Structures are given as structure tokens and as C-alpha cells.
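Could you build the full structure based on these sequences and the hints that come with them?
Numbering (full-length UniProt numbering), first residue to last: 1 to 345.
Among the hints, a few may not be true.
What the hints assert, rightly or not - Distance condition first, Cα-Cα at most 25 Å in a straight line; then the derived SDA-like pairs of lysine to any residue:
(1) Lys301 with Glu72
(2) Lys82 with Leu221
(3) Lys329 with Gly117
(4) Lys188 with Glu72
(5) Lys299 with Gly251
(6) Lys188 with Ser166
(7) Lys151 with Glu70
(8) Lys301 with Asp250
(9) Lys329 with Val290
(10) Lys151 with Met78
(11) Lys151 with Ala41
(12) Lys151 with Val74
(13) Lys82 with Leu5
(14) Lys82 with Arg219
(15) Lys301 with Asn220
(16) Lys276 with Asn195
(17) Lys151 with Leu189
(18) Lys329 with Asn272
(19) Lys276 with Gly251
(20) Lys179 with Asn195
(21) Lys276 with Gly237
(22) Lys179 with Asp192
(23) Lys179 with Glu72
(24) Lys185 with Glu72
No wet-lab data here; the hints were simulated from the structure.
These figures come from a predicted structure and were not determined experimentally.
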Amino acid sequence: MSVNLDAVVSKLLLSPTHNRAAPYSEEEQVPTFTRQSRLDAHEMTSGVPSRTVKTRGARSTSCKAEELSEEEVVHLVMESRKLFMSQPMLIEIEAPVKMCGDVHGQYHDLLRLFDLGGYPPESNYIFLGDYVDRGEQSLETICLLLAYKLKFPDNFFLLRGNHETSSINRIYGFFDECKRRYSVKLWKLFTDTFNCMPVAGLVDDRILCMHGGLSPELRNLDQIRRILRPTDVPDTGLVCDLLWSDPGEDGLVGWGENDRGVSWTFGEDVVNHITKVCDLDLICRAHQVVDEGYQFFAKRKLVTVFSAPNYCGEFNNAGAFLCVDENLKCSIVQIRPTYNVDVFY
Numbered sequence: 001m002s003v004n005l006d007a008v009v010s011k012l013l014l015s016p017t018h019n020r021a022a023p024y025s026e027e028e029q030v031p032t033f034t035r036q037s038r039l040d041a042h043e044m045t046s047g048v049p050s051r052t053v054k055t056r057g058a059r060s061t062s063c064k065a066e067e068l069s070e071e072e073v074v075h076l077v078m079e080s081r082k083l084f085m086s087q088p089m090l091i092e093i094e095a096p097v098k099m100c101g102d103v104h105g106q107y108h109d110l111l112r113l114f115d116l117g118g119y120p121p122e123s124n125y126i127f128l129g130d131y132v133d134r135g136e137q138s139l140e141t142i143c144l145l146l147a148y149k150l151k152f153p154d155n156f157f158l159l160r161g162n163h164e165t166s167s168i169n170r171i172y173g174f175f176d177e178c179k180r181r182y183s184v185k186l187w188k189l190f191t192d193t194f195n196c197m198p199v200a201g202l203v204d205d206r207i208l209c210m211h212g213g214l215s216p217e218l219r220n221l222d223q224i225r226r227i228l229r230p231t232d233v234p235d236t237g238l239v240c241d242l243l244w245s246d247p248g249e250d251g252l253v254g255w256g257e258n259d260r261g262v263s264w265t266f267g268e269d270v271v272n273h274i275t276k277v278c279d280l281d282l283i284c285r286a287h288q289v290v291d292e293g294y295q296f297f298a299k300r301k302l303v304t305v306f307s308a309p310n311y312c313g314e315f316n317n318a319g320a321f322l323c324v325d326e327n328l329k330c331s332i333v334q335i336r337p338t339y340n341v342d343v344f345y
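What follows is the structure, encoded as C-alpha cells:
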């Protein structure tokens with residue numbers, strides 16, 4: 001089946017969920033984004049001919065909002081699998097780039113992220129995993145991200161998170177959403193594609209990023225490059241740790257037990273050792289809810305970014321993403337749960 005990616009993106013950008021993502025506070029004087037304005041932004045940045053039409057006595061309208069067909073979703077999943085397998089396990093990219101943490105099916109907040117950061121290919125992106133589960137719209141979230149990956153394979157990157165594995169998303173919502181809206185077969189296709197995703201990224205040889213964190217087994221970056229795919233996430237070892245480990249409490253030296261019951265926590269000394277051995281300036285990871293959407297560790301040699309504001313409707317946390325310019329200068333953009341937006345340089 002031949003699928004028009006621009007048509008797929010247009011359908012997704014016309015999702016009624018936009019009503020939950022706008023407007024912003026008038027006091028902040030931040031532009032209001034609508035389904036139409038987001039579609040216009042996509043068409044402008046992608047060079048797609050506008051679908052907007054005008055009728056006498058009516059406002060501008062565009063194509064009607066509709067759900068993706070299962071055939072369209074299958075196409076995204078299958079073609080993405082091929083693309084992931086054609087690219088390395090350690091993605092090496094050049095700045096400028098925006099690094100984004102967990103989004104967890106919060107599709108309306110993913111759209112707000114693009115409102116702030118720019119719609120591809122206006123900006124380059126690397127997402128650090130955990131696209132599905134928890135939120136109400138995992139399918140829209142992962143489908144839009146896969147569509148952008150296919151449209152802009154060298155400017156848009158998706159790493160694997162611990163929820164991009166069947167043993168986890170079978171329990172926390174994605175399986176049920178696939179079964180309810182499409183089929184169990186589609187969920188199995190997603191599982192096969194998730195098993196082919198890269199697990200780490202390297203920006204200009206200086207910034208290492210992954211979903212979880214470091215591993216006692218990690219001695220050099222070639223170990224990541226040599227990981228074979230497709231692969232499930234094992235209970236222990238390098239792949240497990242890259243997707244599951246966390247920075248430890250202040251004062252931890254070396255490695256400690258992880259309250260998750262999986263992988264490890266690591267101390268500041270571990271971060272210092274890896275950055276020195278691998279000649280890195282920064283490690284960027286996701287995986288943990290943090291109040292401000294970002295949190296530094298090890299004297300700013302490691303940063304956690306989490307891009308789902310008001311996670312699960314319970315935490316009242318901000319979301320954030322990291323902007324790295326062409327000189328590797330970093331800034332943080334926050335996404336407030338109150339829909340107010342602050343930028344920190």
C-alpha cells in the first residue's frame with residue numbers, strides 16, 4: 001500500500017485534541033495555536049501545497065479531521081522498522097538539535113512542544129523515548145513521531161525508552177489502546193519495530209543521550225555501536241541499563257540499588273568517569289518526572305529532561321526540552337502545566 005505521509009501528518013494535526021492544547025494565557029501574550037494554524041505551520045515548513053479553501057461567507061477551512069486507517073498505521077510502523085535498521089544503534093548527529101524527554105501519550109502536549117520548538121524540518125529533534133503508555137493518545141503520539149521520522153530521516157531521531165517494549169506497554173496502556181482502536185496484530189507490529197530502535201545518540205561527539213542512564217558494563221561507545229538488532233530489552237546488562245538506570249541520591253559513590261527493581265542507580269563519580277573516558281561535555285537523559293521539567297546532576301555534567309507537563313494529570317510538573325545550538329551552547333525551554341511558557345538561557 002502506498003501512503004502519502006503529508007496526508008497522514010495532516011490528519012494527525014487536525015486531531016480534535018488541539019482543543020485541549022490551546023489557547024494559551026492572554027496575559028503571557030503567547031500566540032494561540034489551533035488545528036488550522038498547526039496544519040499551516042506543517043505545510044509552510046514542509047513545502048506542502050496548502051489544502052486550505054475558502055467558501056463564500058465562511059472562515060477558512062481545511063480537510064476534515066479523521067482517524068488514520070489501520071493500513072496507514074501499519075505502513076508507518078513497517079517503513080519505520082526498515083529505517084531504524086538502516087541507521088546505527090548509536091545515532092551520531094550534528095547540532096543544532098532539540099532534545100526531548102518522555103511524552104507518554106500526552107499528544108496535546110507534544111503539539112505544544114512543536115509549537116514552541118518549531119515543526120520539522122524547521123528544527124532538528126532527538127526524542128529520548130517513552131512515547132506510549134500512561135496518556136490517552138499513545139497512538140497519535142507515536143504515529144506523528146514515526147511520520148516525521150520517515151519524512152525527515154536525517155533531521156528527526158527517535159531513541160528507545162523502557163516503555164517501547166512489550167513487557168511494559170502490555171500493562172500500562174498501549175496494548176489496550178491498540179486492541180480497542182485497531183487490533184492486537186497492530187500492537188505486535190509495533191513491538192517488532194520498537195525492537196529495532198536505536199538506544200543512544202551522540203551530538204557532535206560531545207553530548208551523549210539515552211533514555212535511562214549509565215551502565216556498569218559501559219566502558220566505551222563502541223559497545224553501544226555493536227549492539228545487535230532486533231532485540232528485546234533484557235532484565236540485566238547494557239541495553240537494560242541504558243533504558244532503566246537513574247542518577248542516585250547525593251553522596252552515592254559508584255553503583256546502588258534501584259527502587260524500580262530494575263537496573264542501577266549511579267553516583268556523581270560514575271558520571272565523571274564516563275565523561276572523561278569518552279571525552280564528553282554532557283549526558284542528557286529522560287526517564288524521571290522532575291518538577292521543573294529538567295534537573296541537573298554531577299555539577300551539570302548530566303541533565304534529566306522530561307517533556308510531559310502535569311504528568312498523568314497528577315504531578316503538576318512542568319515539561320521541558322533542551323536546545324543545543326551550533327556552538328553546543330545549551331538552553332532549556334519549559335512547558336508549564338498552566339499553559340504558560342518560560343524560556344531560560
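Right, here's what the structure says about each hint:
no., hint, in the structure
1, Lys301 with Glu72, "violated, 42 Å"
2, Lys82 with Leu221, "holds, 24 Å"
3, Lys329 with Gly117, "holds, 16 Å"
4, Lys188 with Glu72, "holds, 16 Å"
5, Lys299 with Gly251, "holds, 13 Å"
6, Lys188 with Ser166, "holds, 8 Å"
7, Lys151 with Glu70, "holds, 19 Å"
8, Lys301 with Asp250, "holds, 14 Å"
9, Lys329 with Val290, "holds, 22 Å"
10, Lys151 with Met78, "holds, 14 Å"
11, Lys151 with Ala41, "holds, 15 Å"
12, Lys151 with Val74, "holds, 16 Å"
13, Lys82 with Leu5, "holds, 16 Å"
14, Lys82 with Arg219, "violated, 29 Å"
15, Lys301 with Asn220, "holds, 17 Å"
16, Lys276 with Asn195, "violated, 31 Å"
17, Lys151 with Leu189, "holds, 20 Å"
18, Lys329 with Asn272, "holds, 20 Å"
19, Lys276 with Gly251, "holds, 20 Å"
20, Lys179 with Asn195, "holds, 20 Å"
21, Lys276 with Gly237, "holds, 22 Å"
22, Lys179 with Asp192, "holds, 16 Å"
23, Lys179 with Glu72, "holds, 16 Å"
24, Lys185 with Glu72, "holds, 14 Å"
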